[in-house]
Each structure stands twice: as C-alpha cells, then as structure tokens.
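Here is what each chain is made of, one letter per residue.
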Amino acid sequence: MPRTVIPFGPQHPVLPEPIHLDLVVEDEKVIEARPSIGFIHRGLEKLAETKDYVEFVYVAERICGICSFIHGQTYCQAIETIMNVQVPPRALYLRTVWGELSRIHSHLLWLGLMADGMGFESLFMHSWRVREKVLNIIEATTGGRVIFGSCKIGGVRRDINAETIKTILKDLDGIEQDLRDITRVFLNDRSVKARLCGIGVLSKQEAWDLGCVGPMLRASGVAQDMRQQGYAAFKDIPVEPITRTEGDSYARCAVRCEELFQSVQIIRQAFAKIPDGEIAVKVTGNPTGETITRTEQPRGEVVYHLKANGTKNLQRFRVRTPTFANLPAMLKVLPGCDLADVPMIVLTIDPCISCTER
Amino acid sequence: MSQEQIELITVDTLLDKVRAKREQGHRLVQMSATRLPDQVELTYSFDLNSRLTNLRLSLPAVETRLPSISSIYDCAILYENEIHDLFNVKVDGLTVDFHGNFYKTAIKFPFGSTKVACASSATTPVSGTASCATAPAANPGATK
Amino acid sequence: MGYFEMSKLALKWALTKPPTTRYPFEPRKALAGSRGQLVFTKDNCVYCNICAKKCPTGALLVNRAQKKWAIDRLRCITCGYCVEVCPKKSLEMTTSHGSPAVTRDREFH
Ligand code: SF4
Ligand code: SF4
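Chains as they are written, first to last, in our numbering: chain A, 2 to 359; chain B, 4 to 147; chain C, 3 to 111.
In short, the hints are calculated from the structure, not lab data.
Hints may be right or wrong, so weigh each one.
Said to hold, decoys possible - Calculated pairs, DSS-like style, for lysine-lysine (alpha carbon to alpha carbon, straight line, at most 30 Å):
#1 A:47 x B:111
#2 C:56 x A:283
#3 C:55 x A:153
#4 A:171 x A:47
#5 C:70 x A:171
#6 A:283 x A:313
#7 C:31 x C:44
Taking the hints into account, I'd like the entire structure generated from these sequences.
Below you can see the structure in the form of structure tokens.
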C-alpha cells in the first residue's frame, strides 16, 4: 500500500491555533504523525528580564487567553511563596471562585469547539450561549471577559459584595440547569458517541508514563488533581478528582462535563464559607529565592519555576503549560486512527498552542 | 524552595538517577533550564503521589552538552528540544531531534548567553516607559 | 445511547426569544464592574508621572514641564493599574468601551 503524507495545519478549520502535523497515511489509516510547533513563540519568559516582578502579573495572565486567571494566580502564589506573604483568607476564596468560573468557561468553550469539530453546530451554539452567561458574571465581578486582571501579589484587586454574591448564586442555578441540558446531549446522544467512543484510547500506564496532566490523565483512570494540594481555598474545600477508566475521547469529554458541575459546587461552597476581611496585603521589597508552584488549570497541571535573586527582575521565569505535557500523548494515540478522527483526537487534549510556546 | 526537595547531581549520574526515578514510577513533570553567569542550571522535576522531587544539574556555560533522557522518558523530547533551541545546549542522543527548528525565534538561542540578558536588564526601569519619556521631544509636531 | 437528545433543547429554543442581541442596532449594555476605557480629567492632575511609570505597557506619557498627559490607546490594555496608583484620582475607568482606536497616535490632553 503506498504511503501519502498529508499536512494538517497550521491553519485548520477545527483548530483556531497553529500546530502543524505531517500525517503519514496508508489508505485512510494514520501510520505516523510528525509534529512541528513554534509558529507563535512569543518569548514571554524572556520578558521577565525587562519587566519588574509586580508588573509581570499582567504578562503571566496573558500567557493564555482562556485560562488566564489561573496563570496570574499561580504566578502570584509563586511570588508569595518566595517572599513569604500571608494572603488574607478572603482573597484566597475570591481567587478560588474566579478560578472555578474560568474553569467553567474554558470547559464550555472546549465542549463547543468539539461539537463544532464534529459538525454538531447547534450544540456548539448552545455551549457558547451558556458560556456567555458565565462570562457576564466574570465581567461584572472583575471587569474583563477573558483577561480578569483581578489578581495581584498579596491578594486581589476587587471584592465581591454580599448582594452580588446573591445574584451570582441565582445565576449559577440557571447555569447549572443549562449545563444539565447540554451535557445530557454530549453524554448520551448517538451521533456524539459515534464520533467519540473508542477513539484515541490511552491506557492508564501510558498516560502516566507520557506525563499527561489534567482531564487527559484523569480520563485514563489516574486520580490526580493539583487542587488536592490545597492551594488557595482548597484547603477548606475538598476536591475529589473525577476519573474515568476508558481513556478514550468520550471519557475525556465526560470528565470535563462532570468537572463543570464540580466547579459549580465549589463556587457554592466557597461563597457559603467566605470569610470577611481584607482582600490584599501590601508587599514591599524584592524577592530572593526559588520555587516551583503547581496549580490545576482547566487543561491540567501548570508548573511555574521562578528564580529570583533580590533584584526587581526575576532571574528565571519558566512555565510548563498543560498542553505541553499532553502533546506527547496526542502523538502517541494518533498512529492507527482514521484520518477523519484526527481532528477529534487533537481536540480532545484541549490544545492551547499559544500557551504551549509562550 | 522549602517543601520541594532538590537533589544535586552531576552529568555522569544523571541517566542512572533518572532511570531509578522511572523505575520507582515517577512522572516527569517538567525540565527547566536557567542561565546563570558562569553555568547553565537544569532542573528535572518528578511527581509521585502528588509529591514533587527535583534533580539539579549544573553545566558549563560554553560548549554545553547534555545527555538526553528521552530514551527513558519519551515525553522529554519536547523539553530537550526546547532547551536546545532557547539555551544553545547540545543534547546528545535525542530520540526525536528537531535540529533547532522546534521554536521559530527571531534571535537564535535567546537565552544563549548572559550577555543578552544583562544588556536588556541594565536599561530598566521598564524599557517601554523609558523610551516614551523621550517621545514628545522626538515627535514635537504631535504636541499641540 | 439516546436518540433525539437534542430535539428537546432545539424545541425549547425554537419557542423562546433568541438570547442574542441585534448588535449594531441594539448596543451592548455595559456591565457595572466592566473595565471599559480610561478617562483622564485634566483638573486634578499634578503631572507627577506616577501613572506613566507604573503602566505595564508604556502607553502613557506625562510631560511635567509642558503639563501634557498623553495616551496611546492601542497600547493600553485597560488594566486599571494607573487608576489605582494615581494620587490625585484624576484617572477613571468607565464601563463603556468607547469607540475603537485605529491609529497609533497618542491622544494629548
Ligand atoms: S498619576 Fe495622576 S496626577 Fe500623576 S500624572 Fe498621572 S494622572 Fe496625573
Ligand atoms: S489602564 Fe493599564 S495599560 Fe492602560 S494606561 Fe493605565 S496602566 Fe497603562
């Protein structure tokens, strides 16, 4: 059987971001996938040398346009660890709430993109309709739709007053009902299942060995979630990782669907327990020291390695984003699949190429 | 770095140490490099049961060579290609070598030497505002 | 496995008002906490240059001698940091987004 090489990307209808794969195919079967990324390397890590560490929160937030808040939060947490800053509890709770709101909007964005990828346009629009409600809560409380800009070293910039909390909780009830409507379609519909079940199977051992993170790892049966480490308010709000054992595309979709409801619950608990008090402390001086901080993004574990030497610029700012860790697994499951399933498999890792390359 | 454990190792023991980690069932969390004035510092982070352990390796700043761990951890190819493209560290024995084409950067090896780093940080505070402060003089027509 | 899972949702929304707005004819309502556009009030400003120094993108420019304050709208990321640091409260973030900036010129005040 003759082999053909089909270029996939960097511009592809199902992916708004540039990743290029050379797919070696035999008939309709993919034999090998050779990746090339690096089209949008922005050099954000290098920027640490010209921006001071306080301003750098804004840069960290802009690593990714979807999980922006948690990037800012992780950066702040890392600096706070180095400088030994005690963040007021109310700020920690607010960070948790915003982090979970961003998880809901990220997962809804992904569900929509996936529905779009398989040609289920009406489901795509419904996912994004619900996402719009979440974005409205985010904009009303932080001022931005995707770049929240509300996290700073030592706390947060804005507070949410009791009245707003009440309206958010009311909105959440509506959102939860909507989520139930759309996830029912994702989890039960015949055409969705036909596109996802048994596609791109990754075993538990492979997922662990290839260093997978987040929903990709949990869909293969490994119960690991960085929120269990108890950063921010997660020390008071226990999080049980949501796992599946099948390891296929459907399992990844199901994990994300269930995480939506988990996040709604976390926000409810956080609002029930939120203490009164200050929302920020003043931070002075320059950081000295080194830390590795990990948090759970919607796409998985993100790792910040910061090294500071007592000047106002960081010596090293290094981010390992979740997609970077999930790419090897994607390359692993591509060989052997049908050409028509390639977009689905690429989408199920929830690729975020801009943050991969930073 | 308080809670995370860092173990200092040398190049010769790297592969053995990493192999031992693999056998104990660790997941490779990340590899990162830091450019210091006279050396390149590499950090390998591993995770087992959500506990982070690190291996730290110092390499000379010029003619830096590093043995690849990609035969032990497949996923290390991305990290090692990245370290090559950004830090000018030659990695020997990569299972998939992009030959410097992993990232398309305007400056080759942006973290390749501390010279680049020092030159730009010396002009702080914030190069952006520094250049703006002189802007009205350079552009007097716009000032009404 | 279910058939016609979507039809319930589709039917419901066929009978409801669309959640979208007819945008250019019906302008978007600004939300209360939204960061829209940076507005400068000349009266209070003492031209201390703090805002320009703190601005992470270098969008602002303050000339104390000539008493000029300028902003490059395309650079401004509406982060609100300058509003926070201004000692005279002469900067304000409005909720409306204003008209889009199209040129790289600075607006002088
Ligand atoms: S910080 Fe305020 S008072 Fe100072 S120059 Fe800026 S706008 Fe004027
Ligand atoms: S809002 Fe932010 S980016 Fe815009 S001028 Fe103020 S400090 Fe600069």
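Right, here's what the structure says about each hint:
For the suggested pair residue 47 of chain A and residue 111 of chain B, the alpha carbons sit about 13 Å apart, so the restraint of at most 30 Å is met. Between residue 56 of chain C and residue 283 of chain A the alpha-carbon distance is near 16 Å, which keeps this suggested pair within the 30 Å criterion. The suggested pairing of residue 55 of chain C with residue 153 of chain A holds, with an alpha-carbon distance near 18 Å, which does not exceed 30 Å. Proximity of residue 171 of chain A to residue 47 of chain A is assessed by CA-CA distance (about 44 Å); at most 30 Å being required, the pair is judged violated.
As the CA atoms of residue 70 of chain C and residue 171 of chain A are separated by approximately 47 Å, the hinted pair breaks the 30 Å bound. Distance hint between residue 283 of chain A and residue 313 of chain A is fulfilled; the C-alpha atoms sit about 16 Å from each other, no more than 30 Å. Simply put, residue 31 of chain C and residue 44 of chain C have alpha-carbon atoms about 28 Å apart, close enough for the 30 Å limit, and the pair holds.
Of the numbered hints listed earlier, those contradicted by the structure are 4 and 5.
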